[in-house]
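K.L.:
Both chains come to you apart, so use the hints to assemble them.
The listed protein sequences derive, respectively, from chains C and U. Residue numbers for the first sequence follow my numbering, beginning at 3 and rising by one. Residue numbers for the second sequence follow my numbering, beginning at 59 and rising by one.
A portion of the hints provided could be inaccurate.
To be verified - Derived lysine-lysine pairs resembling BS3-like cross-links, with alpha carbons at most 25 angstroms apart: (1) Lys385(U) x Lys9(C); (2) Lys109(C) x Lys474(U); (3) Lys178(C) x Lys174(U).
To be verified - Far from chain U by the CB rule (all over 12 angstroms, computed), these chain C residues: (4) Thr56; (5) Thr114; (6) Leu135; (7) Ser176; (8) Asp214.
Claimed, not checked - Estimated spans, in silico, between C-beta atoms of each pair: (9) Arg7(C) x Lys385(U): 17 to 27 angstroms; (10) Trp229(U) x Ile87(C): 36 to 46 angstroms; (11) Ile141(U) x Ile262(C): 37 to 47 angstroms; (12) Ser226(C) x Trp471(U): 41 to 51 angstroms; (13) Gly184(U) x Ser176(C): 45 to 55 angstroms; (14) Ala239(C) x Lys385(U): 49 to 59 angstroms; (15) Val19(C) x Ile466(U): 35 to 45 angstroms; (16) Ser266(C) x Ile181(U): 37 to 47 angstroms; (17) Ala425(U) x Leu13(C): 15 to 25 angstroms; (18) Gly379(U) x Leu18(C): 22 to 32 angstroms.
Just so you know, these hints were derived from the structure itself, not from any lab. Note that CB positions come from ideal geometry on N, CA and C, so glycine has one too.
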Amino acid sequence: MSIKRQKYIRLTLTYLVILAMFAIIIYPLLWIVGSSFNPGQSLSGSNIIPKNATLAHYKELFDLDRSNYLYWYWNSLKVSVLTMIFTVILVSLTAYSFSRYRFVGRKNSLMTFLILQMIPNFAALIAIFILALLTGLLDSHFGLILVYVGGAIPMNTWLMKGYLDTIPKELDESAKMDGAGHLRIFFQIVMPLATPIIAVIALFSFIAPFGDFILATVLLRTESKYTLAVGLYDMVAKQFGAEFTTFAAGAVLIAVPIAILFLSFQKYFVSGLTAGGTKG
Amino acid sequence: MKEKSYQTNHRRIATALSIIPGLGQLYNKQYLKGIAFLILTGAFFGVFADLLNMGLWGLFTLGEQTPRDHSIFLLVEGILAVIVLIFGIGFYLFNLNDAYKNGLKRDSGERISTVKEQYNNLIDNGFPYLIMSPGFLLLIFVVVFPIIFVVLLAFTNYDLYHSPPAKLVDWVGLKNFFDLFQLESWRQTFFSVLSWTIIWTFVATTFQVALGMFLAILVNQKDVKGKALIRTVFILPWAVPAFVSILVFAGMFNESFGAINRDILGFFGIDPIPWMTEAMYTKIALILIQTWLGFPFIFAMTTGVLQSIPEELYEAATVDGATNFQKFKNITLPLVLFATAPILITQYTFNFNNFNIIYLFNGGGPAVPGANAGGTDILISWIYSLTMTSAQYSKAAAITMLLSLIVIGVALWQFKRTKSFQEEDMM
Numbered sequence: 003m004s005i006k007r008q009k010y011i012r013l014t015l016t017y018l019v020i021l022a023m024f025a026i027i028i029y030p031l032l033w034i035v036g037s038s039f040n041p042g043q044s045l046s047g048s049n050i051i052p053k054n055a056t057l058a059h060y061k062e063l064f065d066l067d068r069s070n071y072l073y074w075y076w077n078s079l080k081v082s083v084l085t086m087i088f089t090v091i092l093v094s095l096t097a098y099s100f101s102r103y104r105f106v107g108r109k110n111s112l113m114t115f116l117i118l119q120m121i122p123n124f125a126a127l128i129a130i131f132i133l134a135l136l137t138g139l140l141d142s143h144f145g146l147i148l149v150y151v152g153g154a155i156p157m158n159t160w161l162m163k164g165y166l167d168t169i170p171k172e173l174d175e176s177a178k179m180d181g182a183g184h185l186r187i188f189f190q191i192v193m194p195l196a197t198p199i200i201a202v203i204a205l206f207s208f209i210a211p212f213g214d215f216i217l218a219t220v221l222l223r224t225e226s227k228y229t230l231a232v233g234l235y236d237m238v239a240k241q242f243g244a245e246f247t248t249f250a251a252g253a254v255l256i257a258v259p260i261a262i263l264f265l266s267f268q269k270y271f272v273s274g275l276t277a278g279g280t281k282g
Numbered sequence: 059m060k061e062k063s064y065q066t067n068h069r070r071i072a073t074a075l076s077i078i079p080g081l082g083q084l085y086n087k088q089y090l091k092g093i094a095f096l097i098l099t100g101a102f103f104g105v106f107a108d109l110l111n112m113g114l115w116g117l118f119t120l121g122e123q124t125p126r127d128h129s130i131f132l133l134v135e136g137i138l139a140v141i142v143l144i145f146g147i148g149f150y151l152f153n154l155n156d157a158y159k160n161g162l163k164r165d166s167g168e169r170i171s172t173v174k175e176q177y178n179n180l181i182d183n184g185f186p187y188l189i190m191s192p193g194f195l196l197l198i199f200v201v202v203f204p205i206i207f208v209v210l211l212a213f214t215n216y217d218l219y220h221s222p223p224a225k226l227v228d229w230v231g232l233k234n235f236f237d238l239f240q241l242e243s244w245r246q247t248f249f250s251v252l253s254w255t256i257i258w259t260f261v262a263t264t265f266q267v268a269l270g271m272f273l274a275i276l277v278n279q280k281d282v283k284g285k286a287l288i289r290t291v292f293i294l295p296w297a298v299p300a301f302v303s304i305l306v307f308a309g310m311f312n313e314s315f316g317a318i319n320r321d322i323l324g325f326f327g328i329d330p331i332p333w334m335t336e337a338m339y340t341k342i343a344l345i346l347i348q349t350w351l352g353f354p355f356i357f358a359m360t361t362g363v364l365q366s367i368p369e370e371l372y373e374a375a376t377v378d379g380a381t382n383f384q385k386f387k388n389i390t391l392p393l394v395l396f397a398t399a400p401i402l403i404t405q406y407t408f409n410f411n412n413f414n415i416i417y418l419f420n421g422g423g424p425a426v427p428g429a430n431a432g433g434t435d436i437l438i439s440w441i442y443s444l445t446m447t448s449a450q451y452s453k454a455a456a457i458t459m460l461l462s463l464i465v466i467g468v469a470l471w472q473f474k475r476t477k478s479f480q481e482e483d484m485m
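Just chain U, same shape as in the assembly (with noise of 0.2 angstroms):
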């Protein structure tokens, strides 16, 4: 398509002098903004020239030379260079459209808006930018640049012994995954660490679930009487804040001391069971432990969908004869499933991520010989401890970014079988 051709050619010649954002403005006459837009500029480049100077130096190089350079903080300079970087270039994108469209208007012989009539379409078109602005720039600096720095810290090799100041740390490439693959004893660490979490989100999930679920239903029995006290108390465990519980419950499975061992068991004349020191009883403890805190929220959900089905249901399938096995079976099992099923999947993705439980209850312990993960860690506790004790950053940074793989992977490929989101209209 042939573009309309105009006399003057303004819309050029603003476009080209926009190159120094500001002076296609002024060449527009819109001699406010032109002054705003050169006075951004400048304080643009004056204050962060440093910055960006040394930012992208540093995000490149890592540093040179100790103890000059310090490679992390170089690492962080660069990430928010490129962030602020980013910024810049949208706004002088910006710019350079603002001049061409305002010269095109010159050019087709319409008027120029005024200040007042820009500045109420600053406020009309710009209103969701304003409000949306704080939040936004929270959650880049708080979210998406602890993110950016764990992704790339997953191809550093950055740990104990690469340490600034002392040291310098290095770009390695992929070289933290190929470990995490290759070598011996990360290999098996991480494939026991990974199965164990994944039998600990399935099971322990499930089990919290089904006994929810089964309570709910058990509950709404018509003629179970003391309806209200009975949810109250089943409530309980999750009106109590989670790490008082856990503590608790560490207390009373504490092997020589504890109310499990010496006072139930020791009732029905059991030999103590090592909770804490052996893996396997650990584990079975922190599952019966997750069942308890995470059953009073399904039990909630179910008996609120419950309570939805209308009654007509149950009685037309009275009359044509069906059982109370088949009403479960047909009626109410299925419109409880279907209900309940996007709070399903946030429960296996919570327990994925369980990290107060594993570690309040045993600390991811008992230790096991030879590996640098506990018996009960889980991927989130075993990242926390690699940071934290261990000081294995790039691994753990490594980790992470699997971690999240597997989480966003599940995660979308739910979200784009649930309704709500086929049905939101994005634009």
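Next up, chain C with everything else stripped away, as it sits in the complex (with noise of 0.2 angstroms):
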């Protein structure tokens, strides 16, 4: 009987705590979903469940006369693939030499890696932007995405260098003497292998970029080339309350897609983490 109760009390505690954790993550969510819909403009008028609900800011979000807001969304989609795409073929390879080959400056190599990849590249901001300066890439989306694919190879290499090392040797070295070049058993023996921690330094050199402020603030001049995530600030600090609900509806149309793209993946992130903490 005690027994009974006690399990009663536990999970009726437990419930009650997922209720309340429920109630702090969702309301939030919901809170802009609803601000979005809000007629008006300003924070104040803004409630959760709108009075008359509207899509005019969607609408105005989605005429290029009066909102830069596509611009972003398709510079941001450009620079965070653009990024993953680079960073992937850059670390797959850097990462390979590092996990296969002993070569003269290996260890030295790995070593500035380590240290590098503990420095946000951004602590770096000042010398970034004078060198864009005179290189002339300022204000360009090449030189952000350069800079973000260099921030992201030392981090990655360590990663995929962890995962590389499992992958059994003998099976490079027998396809050797079957007479398979170097780049023959980079592509078609251990690339393939390598998928899963592929697929998750791509997820995670797509999703730096897109959520990057500092980098993007400094080297983004024009109002049309800005991110996401520099022109929603920018929306919002101009004047605040202002623009709130048209921001909220942009909110609304980033974090929805890329929530679901973000589920959908969700157990390669973890597994891809764990993996690299625990063994790389």
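P.N.:
Shown next as structure tokens:
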């Protein structure tokens, strides 16, 4: 009897905590969705359940004459996808040579990568800014992508090297016996086996530039070249509250697709991180 | 040990001739290689002579007269010159070594490799270098170069009043560091920012870790129904891009119109709280928001670990008469902490440099009278505003150096202790 009772109390408390967490998690999300349908522009009128729901703010965002939102969206996607592609290519090559070859300078390079991955690359903000100014890459997406890719190399190389180390070397050795060249072993033996970690690195290197604010705000100058993070911040910071509902609509349009994408890849994220953390 | 004596002296002659790269190789009858080396050397000096000359001069003097010299451009050219020079010296040493080795082969009567063999050799030994070089070059120019630049900048007086092209920048030695620790205004700001950075890192991270683990263990109880749904909802704050959530929270915490003051606190009859104008409340809000943003990650990790703990452990404990609490304390907690430890450390370093939340929520504010940092600025956001708004470049660089030293110190200490690093065969 008392065991049953104990269990009853325990479960009730558990569900109460879970419900409270549900409320805390979902309330801000619902609030922003609600705000995006609110008529009027200001924060003061926004309500979680709008009285006269309207799609006007979404329409405004899609109107290129009135808002740069679509440009920002396109810029963010472009920058993130290109960063992802270049990062995956460069990181695969570097990680592969660290994992499979023993060459002069290997130990020192690994050590350098380890230290470099600890310094966030935006710490050298001033230098990046001046370098971009000198090379004429200021206010260009190309410059931004270069900085993102360069910054992503050290950490992801370690992550991938850790994974590649777990793929038995006997595989490439026997392929070598059979006369396969360096490139063939790389493309046809090792890379297919490394697909899980490639997926993780691709996701990481897509999400990081997508969510980055600091580098983008330093390097991008023209409003139509902004990425989403810079553009949305600008929208909010200019006159706080004055464009809040439009901002809300913009936020919803980012959050929904990214959240869906994220939730469907979530389990790779976790496994990739634990693999990198415990093995690499 | 005495050197083996040879009748010929090709190795010495080849090495000596290689003082001009290529001649030694030509002497060794490797004509193609020799010509290639000669052309490379010529090209190197042809292309880089100006850069080397200007750059090294500029690096020492940082310019002598305005408006002809732009100190910062000179500094950049100087670093580039040094990088190019290092590559050049590397090539030069390789050239000497190559001439010597081939000379030695001739001395001992061995055959010199043919062009085809050399090519195969190059591909075999050079393959890792070859495939690494694109990533490596990018890394040098985008990551290493800026770091060197910041380090050098920390020893100059580059700020609003010493700003090219109107003024020259000079080397000032350790002055920036002395200023940070000795000038009253700088020292006070520096230490108040540093202490908040540390408090912020520990409190916010510990909160998110504790909440994440607690919820994971809670949901993992066998008799809780609807696990899949609960887990999906708990992951949501992680799935929404952080910059979006932070901006949304900035709206919610708005003092006069935000949902927190108006709807929630108003509902309970509590007076509005000055979230954005009083540093103390901004700090509380920041910690709450970071907990909201950060716990799902820990939750997901811990859930993964919990699911991998074998059931037999608990069964054995039950047989031995352990209570639920004992099982938790002696089985669950140690296993979870052990498996997630490396990731927990990265969470701390992440928050130490968590610029986005500080800047997007309240711009590091509220402003503090008499200080050049806002009430909630952490080191990295302070560096940002010193650079972007008050043009205190050299001070910002000095603080960046201090920050990097802290991060590297902590991280190295941690990596030394992790197993994975010790197991790595470092040649």
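K.L.:
Against this structure, judge whether each hint is valid.
P.N.:
Status of the hints after comparison with the structure:
no.	hint	verdict
1	Lys385(U) x Lys9(C)	16 angstroms, holds
2	Lys109(C) x Lys474(U)	15 angstroms, holds
3	Lys178(C) x Lys174(U)	20 angstroms, holds
4	Thr56	18 angstroms, holds
5	Thr114	8 angstroms, violated
6	Leu135	9 angstroms, violated
7	Ser176	18 angstroms, holds
8	Asp214	8 angstroms, violated
9	Arg7(C) x Lys385(U): 17 to 27 angstroms	20 angstroms, holds
10	Trp229(U) x Ile87(C): 36 to 46 angstroms	42 angstroms, holds
11	Ile141(U) x Ile262(C): 37 to 47 angstroms	45 angstroms, holds
12	Ser226(C) x Trp471(U): 41 to 51 angstroms	46 angstroms, holds
13	Gly184(U) x Ser176(C): 45 to 55 angstroms	24 angstroms, violated
14	Ala239(C) x Lys385(U): 49 to 59 angstroms	51 angstroms, holds
15	Val19(C) x Ile466(U): 35 to 45 angstroms	39 angstroms, holds
16	Ser266(C) x Ile181(U): 37 to 47 angstroms	42 angstroms, holds
17	Ala425(U) x Leu13(C): 15 to 25 angstroms	50 angstroms, violated
18	Gly379(U) x Leu18(C): 22 to 32 angstroms	30 angstroms, holds
In summary, the structure is inconsistent with hints 5, 6, 8, 13 and 17 from the numbered list given earlier, while agreeing with the others.
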